[in-house]
Amino acid sequence: MTFRRNRTQAIDPAESGSLNDLAFLLIIYFIVIAGFNVNLGFLMNLPEKGSTRLVTTQDIFRVMISPTGDWESEGQVFTSESFETALRQKLGSQPNLTLLVKINPMAPYGSLVGIIEVAQRNRVDNFSFSQEESP
Amino acid sequence: MTLQRAKNKGPKVPVSAMSDIGFLLLIFIMLVSLINYRQEVKIQYPEAQQALKTSQEHNFEIWIDSQGSLFLSGKNLSLIELEGLIVQSFLDQPDQRIHILSDRNTPYQYVNGVVKVLQLLQHRVVSFVVKEQ
Numbered sequence: 001m002t003f004r005r006n007r008t009q010a011i012d013p014a015e016s017g018s019l020n021d022l023a024f025l026l027i028i029y030f031i032v033i034a035g036f037n038v039n040l041g042f043l044m045n046l047p048e049k050g051s052t053r054l055v056t057t058q059d060i061f062r063v064m065i066s067p068t069g070d071w072e073s074e075g076q077v078f079t080s081e082s083f084e085t086a087l088r089q090k091l092g093s094q095p096n097l098t099l100l101v102k103i104n105p106m107a108p109y110g111s112l113v114g115i116i117e118v119a120q121r122n123r124v125d126n127f128s129f130s131q132e133e134s135p
Numbered sequence: 136m137t138l139q140r141a142k143n144k145g146p147k148v149p150v151s152a153m154s155d156i157g158f159l160l161l162i163f164i165m166l167v168s169l170i171n172y173r174q175e176v177k178i179q180y181p182e183a184q185q186a187l188k189t190s191q192e193h194n195f196e197i198w199i200d201s202q203g204s205l206f207l208s209g210k211n212l213s214l215i216e217l218e219g220l221i222v223q224s225f226l227d228q229p230d231q232r233i234h235i236l237s238d239r240n241t242p243y244q245y246v247n248g249v250v251k252v253l254q255l256l257q258h259r260v261v262s263f264v265v266k267e268q
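Chains as they are written, first to last, in this note's numbering: chain Z, 1 to 135; chain F, 136 to 268.
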């Protein structure tokens, strides 16, 4: 005698099979949207207005940003790579180096960000930037 | 003639439209979340290779376009108006972080104007926002 197994079908009264796909799409969408609002950048500590700090003049590395966005120091124009090399050499001999950046009022903001990036990458602790005084 | 009685299967809720409703719901939520999206000013971000995540729970974003115009939540304003709004905003949420989102070609004097205001208000930390290369 053979027994026939009772075939039972899964009961899904709400037919919720497609809801998995929808939930998955929602998750992807919110992950993507959440990533849009995150700002990446450099944190800068602003000094108190009018505050002064004593620095040995030998430890100062002065860099000017020209109106065209070039980085200049002691008559030499730097590219990003050559500036980083020069900065590393100076840091090797002067660990307490202070990077002093004077920015022309018409200099593009992107040039300043470039210097900040190089300074932070090389862990320059003493970093100062200010706009050139108009004559 | 024998009439066959219709088999009573019991009440049934039509659920075949459930996926359509779900799909409409998805579109609705997408649109609503886009409404809450921050109002951006069209700028060319400065680029950097190694940037840190500077966003916090509460953020105050100051946008500066290539012409030096200031924007806050898409609204153009002057430096004096900005100063007032920063003060008001910090009274409401003292732990918020200030971000400067400026075009890479903006003359520095306009960014310097904002930095001076922040110094005047004794703000110590500011984030210069960049786009990662």
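Hints may contain errors.
[To be verified] Below, computed lysine-lysine pairings styled on DSS-like, alpha-carbon distance capped at 30 angstroms:
# : chain 1 : residue 1 : chain 2 : residue 2
1 : F       : Lys147    : F       : Lys266
2 : Z       : Lys90     : F       : Lys266
3 : Z       : Lys49     : F       : Lys188
[Unchecked claim] If you want the footprint, here are the derived chain F segments under chain Z, 3+ residues with CB under 8 angstroms:
# : segment
4 : 154 to 163
5 : 179 to 185
6 : 189 to 203
7 : 207 to 220
[What the hints assert, rightly or not] Some chain Z residues well away from chain F (every beta-carbon gap over 12 angstroms; in silico):
#  : residue
8  : Pro47
9  : Thr56
10 : Gln58
11 : Glu74
12 : Gly75
13 : Thr79
14 : Thr85
15 : Thr98
16 : Pro108
17 : Glu117
18 : Val124
19 : Gln131
No wet-lab data here; the hints were simulated from the structure.
Each residue gets a CB set at the ideal place from its N, CA and C atoms; glycine is no exception.
Here is how each hint holds up against the structure:
The hinted pair formed by Lys147 (chain F) and Lys266 (chain F) fails the criterion: a straight-line CA distance of about 56 angstroms is larger than 30 angstroms. The straight-line distance between the Cα atoms of Lys90 (chain Z) and Lys266 (chain F) is roughly 29 angstroms, inside the 30 angstroms bound, and the hint therefore holds. Of the supplied pair hints, the one linking Lys49 (chain Z) and Lys188 (chain F) holds, its CA atoms being roughly 27 angstroms apart against a limit of 30 angstroms. Check result for the segment 154 to 163 of chain F against chain Z: holds, 5 residues qualifying (beta carbon to beta carbon below 8 angstroms, three or more required).
Given as covered by chain Z, the segment 179 to 185 of chain F passes the check, having 5 residues with a CB less than 8 angstroms from a CB of that chain where 3 are the minimum. Using a Cβ-Cβ cut-off of 8 angstroms, 5 residues of the segment 189 to 203 of chain F lie near chain Z, which meets the minimum of three, so the contact claim holds. With 0 residues carrying a beta carbon less than 8 angstroms from a beta carbon of chain Z, the segment 207 to 220 of chain F misses the three-residue requirement, and the given coverage is violated. A cut-off of 12 angstroms between C-beta atoms contradicts the statement that Pro47 (chain Z) is not in contact with chain F; the least separation is 7 angstroms.
Once the 12 angstroms rule is applied to beta carbons, Thr56 (chain Z) is consistent with being away from chain F; the minimum gap is 25 angstroms. The claim that Gln58 (chain Z) is not at the interface with chain F holds, since no C-beta of that chain comes within 12 angstroms of its own (minimum 28 angstroms). Its beta-carbon lying about 21 angstroms from the closest one in chain F, Glu74 (chain Z) satisfies the requirement of being farther than 12 angstroms from that chain. With a least CB separation of 22 angstroms from chain F, Gly75 (chain Z) remains clear of the 12 angstroms interface cut-off, as annotated.
In this structure Thr79 (chain Z) is separated from chain F by more than 12 angstroms, as the shortest Cβ-Cβ distance comes to about 15 angstroms. The claim that Thr85 (chain Z) is not at the interface with chain F holds, since no C-beta of that chain comes within 12 angstroms of its own (minimum 16 angstroms). Remark: the non-interface label on Thr98 (chain Z) is consistent with the geometry, its nearest Cβ contact in chain F lying 19 angstroms away (cut-off 12 angstroms). Interface exclusion of Pro108 (chain Z) from chain F breaks down, the closest Cβ pair being 5 angstroms apart, not more than 12 angstroms.
Its beta-carbon lying about 5 angstroms from the closest one in chain F, Glu117 (chain Z) breaks the requirement of being farther than 12 angstroms from that chain. Chain F leaves Val124 (chain Z) outside its interface by the beta-carbon criterion, the shortest separation being 14 angstroms against a cut-off of 12 angstroms. With a cut of 12 angstroms on Cβ distances, Gln131 (chain Z) falls inside the contact zone with chain F, its closest approach being about 4 angstroms.
The structure fails hints 1, 7, 8, 16, 17, 19 (numbered hints given earlier, in ascending order).
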